[in-house]
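Protein chains: 2
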Amino acid sequence: MLALRVLELQESGQTIPDLRQLALDCGFVDLDEDYDILLRDVCIRAAKSRISGTDTDDVRIVHAVEALDDIDKNVNELSERLLEWYGMYFPELELTGEPLARFVMAFGSRGNVPEDHQLFDKASKSMGSELSFADEELLKAFASNLCGLYDTRRQIESYIVTGMGSLAPNLTDVAGGLLGARLISIAGSLEKLAAFPSSTVQVIGANRALFKHLRSNTPSPKHGIIFNNVIIKNAPWWQRGKLARAFAAKISLAARTDFYSGEKDPSIKEQLEKKLSAIRKANPNPPKKKSKPKGKGRKKRGGRR
Amino acid sequence: MLALRVLELQESGQTIPDLRQLALDCGFVDLDEDYDILLRDVCIRAAKSRISGTDTDDVRIVHAVEALDDIDKNVNELSERLLEWYGMYFPELELTGEPLARFVMAFGSRGNVPEDHQLFDKASKSMGSELSFADEELLKAFASNLCGLYDTRRQIESYIVTGMGSLAPNLTDVAGGLLGARLISIAGSLEKLAAFPSSTVQVIGANRALFKHLRSNTPSPKHGIIFNNVIIKNAPWWQRGKLARAFAAKISLAARTDFYSGEKDPSIKEQLEKKLSAIRKANPNPPKKKSKPKGKGRKKRGGRR
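Protein chains in written order, with the UniProt record's numbering: chain A, 1 to 305; chain B, 1 to 305.
FYI, nobody ran anything at the bench for these hints, they're computed from the structure.
One or more hints might be untrue.
Stated by the list, open to error - List time: in silico DSSO-like cross-link candidates among lysine-lysine, alpha-carbon distance up to 30 Å:
#1 B:Lys-140 x A:Lys-140
#2 A:Lys-122 x B:Lys-48
#3 B:Lys-264 x B:Lys-222
#4 B:Lys-125 x A:Lys-48
#5 A:Lys-73 x B:Lys-140
Claimed, not checked - Away from chain A, derived, C-beta distances all over 10 Å, residues of chain B:
#6 Arg-20
#7 Leu-24
#8 Glu-33
#9 Arg-81
#10 Pro-99
#11 Leu-100
#12 Arg-102
#13 Glu-130
#14 Phe-142
#15 Tyr-159
#16 Ser-189
#17 Arg-256
#18 Lys-264
#19 Pro-286
#20 Pro-287
Predicted model only: the values in this text are computed from it and were never measured.
Glycine is no exception: its CB is placed at the ideal position from the N, C-alpha and C atoms.
Bound-form chain A, shown alone (with noise of 0.2 Å):
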């Protein structure tokens, strides 16, 4: 703790006591030598206490968003894999992913389908070839350990949702809490998000398209990971920039509100309301298409490599 105010104190530029000659005066120690071993050890633990105040909460949820995409691609490999591996046994059961994990962690072999279940009758049909006993339990624990994964992946999301719920709640109210959370997981932590402008959180996750534009001549990325929010994914393409570009000043306002005040302030979400609502009334029909030139210029300086 003395270790701690001392360092504050330096940091304020105030003039600090002699402590070694106070320490020895009242007594706290008898020799210099007890001073230093102790000096020392309090050093350690302040720099330790310092190291673990790094994890914040935002530290946590980008922890548990890369998680979340780790698991997602790994799910959906290994569910292709139980697919085809399982097909060969039931070519004719149509199920992908978690359902079939759950079908062949519940039944492994077709000929265990109850004759009340809906598949039974083409199980009892199938061409496929009969399960062994080996590989039905092989089956049965592949599928298990997916059916495991899709479980926690579950538990991550709810896990994030609730965690931005407490960490920023006006981005989360705005952008949803997993988008929000892909979002610091992107930028870094809030504090980078709320300090990005608002152009620049329009097009993260466009990284590609974005240097392209840069590079050469085609047009600029109009949404970045953003695109994920049903607002502008379920916009009309020709309104989709300007929706975009609203949403992403509002989210950049949320962010910073989160990072600064801390406090919830629904007024944000309402006035994106408005702005969209706006937006979808003055862009009613599609443009037409300008006849002329831009391609041109385009294609001057490369167009698509």
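Keeping the supplied structure of chain A fixed, place chain B upon it in accordance with the hints.
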């Protein structure tokens, strides 16, 4: 059955009796149409049974090997993620891979490490941050999934070794279960592996190096995946090419014996051992490097690209 018999007769070029007339005569069917319906039904069943028959033992092994590779890849990625994630809470822990997953699954927070555990000292002095309950649950779930994958991996491995023992006893004897299975998996089936010349077996899995050798003038690869066997792996570099050639020849021989006779022949392994020790005896010391050309000839046609 009838249809299959007819197919067999057709294939062997014998004359087929007029089945339709026969069936009508003996009262097996009453009408011409009945016979058509029956014929259609029988043909469908025959086709299904032929399709089911495509599932041979080596197809199963191939699937298992592919699943094993997939699990390996995914387990590596997930365990790296766990290392990074858990490292925030216990950076002094020097475990990786499976031991790490088992540790996290067993203890979760480092506060739960019991006093008599060898890591208790590190855990109590760690400068990692505190693990909250929600994070602990998440990490434990993640780690337990990972442990499940490790278990399944072992299960698949023992399945492969067992399966190979009955499918290809000689190949297993000479090359080991896993390496044999991998060779079959890359070749496509035991039949194809048996048809490969041993020079192909020697470089299976070294495709890039082989084609580079054929294209430019780089030295030919000495071994493909057979390098994974201790015979090659533990040998000094100047013996590897010779050992690999002898080893591949015996693998090829074993695969052929397995496919065409199916009986175990211990003499293959014995001959291999003899051959290997002869090579080792004949080449005890590294050869002197040739101080001259070759290099030039190589460079002419491009060398490394």
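Verification of the hints:
Among the hinted pairs, Lys-140 (chain B) with Lys-140 (chain A) is consistent with the structure: their alpha-carbon atoms are about 22 Å apart, no more than 30 Å. Simply put, Lys-122 (chain A) and Lys-48 (chain B) have alpha-carbon atoms about 14 Å apart, close enough for the 30 Å limit, and the pair holds. Of the supplied pair hints, the one linking Lys-264 (chain B) and Lys-222 (chain B) holds, its CA atoms being roughly 28 Å apart against a limit of 30 Å. A threshold of 30 Å between alpha carbons decides the hint, and for Lys-125 (chain B) with Lys-48 (chain A) the separation of about 10 Å falls inside it, so the pair holds.
For the hint linking Lys-73 (chain A) to Lys-140 (chain B), the alpha-carbon distance of about 20 Å falls within 30 Å, and the restraint holds. Taking the minimum C-beta to C-beta distance to chain A, about 27 Å, the non-interface status of Arg-20 (chain B) holds against the 10 Å cut. With a closest Cβ-Cβ approach of about 30 Å to chain A, Leu-24 (chain B) is found to remain outside the 10 Å limit, as its non-interface label requires. Its beta-carbon lying about 24 Å from the closest one in chain A, Glu-33 (chain B) satisfies the requirement of being farther than 10 Å from that chain.
Chain A draws Arg-81 (chain B) into its interface by the beta-carbon criterion, the shortest separation being 5 Å against a cut-off of 10 Å. Distance to chain A confirms Pro-99 (chain B) as a non-interface residue, since its nearest Cβ pair spans about 19 Å, more than 10 Å. The beta carbon of Leu-100 (chain B) sits about 14 Å from the closest Cβ of chain A, which is more than 10 Å, so the claim that it is off the interface holds. At roughly 16 Å from the closest C-beta of chain A, the C-beta of Arg-102 (chain B) stays outside 10 Å, upholding its exclusion from the interface.
Not every CB of chain A lies more than 10 Å from the CB of Glu-130 (chain B), the least distance being 7 Å, so the non-interface label is violated. Once the 10 Å rule is applied to beta carbons, Phe-142 (chain B) is inconsistent with being away from chain A; the minimum gap is 6 Å. Distance to chain A contradicts Tyr-159 (chain B) as a non-interface residue, since its nearest Cβ pair spans about 6 Å, not more than 10 Å. For Ser-189 (chain B), the condition that its CB be more than 10 Å from all CB atoms of chain A holds, with the nearest at approximately 14 Å.
Distance to chain A confirms Arg-256 (chain B) as a non-interface residue, since its nearest Cβ pair spans about 26 Å, more than 10 Å. At the 10 Å boundary, the C-beta of Lys-264 (chain B) stays outside the reach of chain A, the nearest C-beta of that chain being 21 Å off. Against the 10 Å criterion, Pro-286 (chain B) stays outside the reach of chain A, whose nearest CB is about 43 Å from its own CB. Against the 10 Å criterion, Pro-287 (chain B) stays outside the reach of chain A, whose nearest CB is about 45 Å from its own CB.
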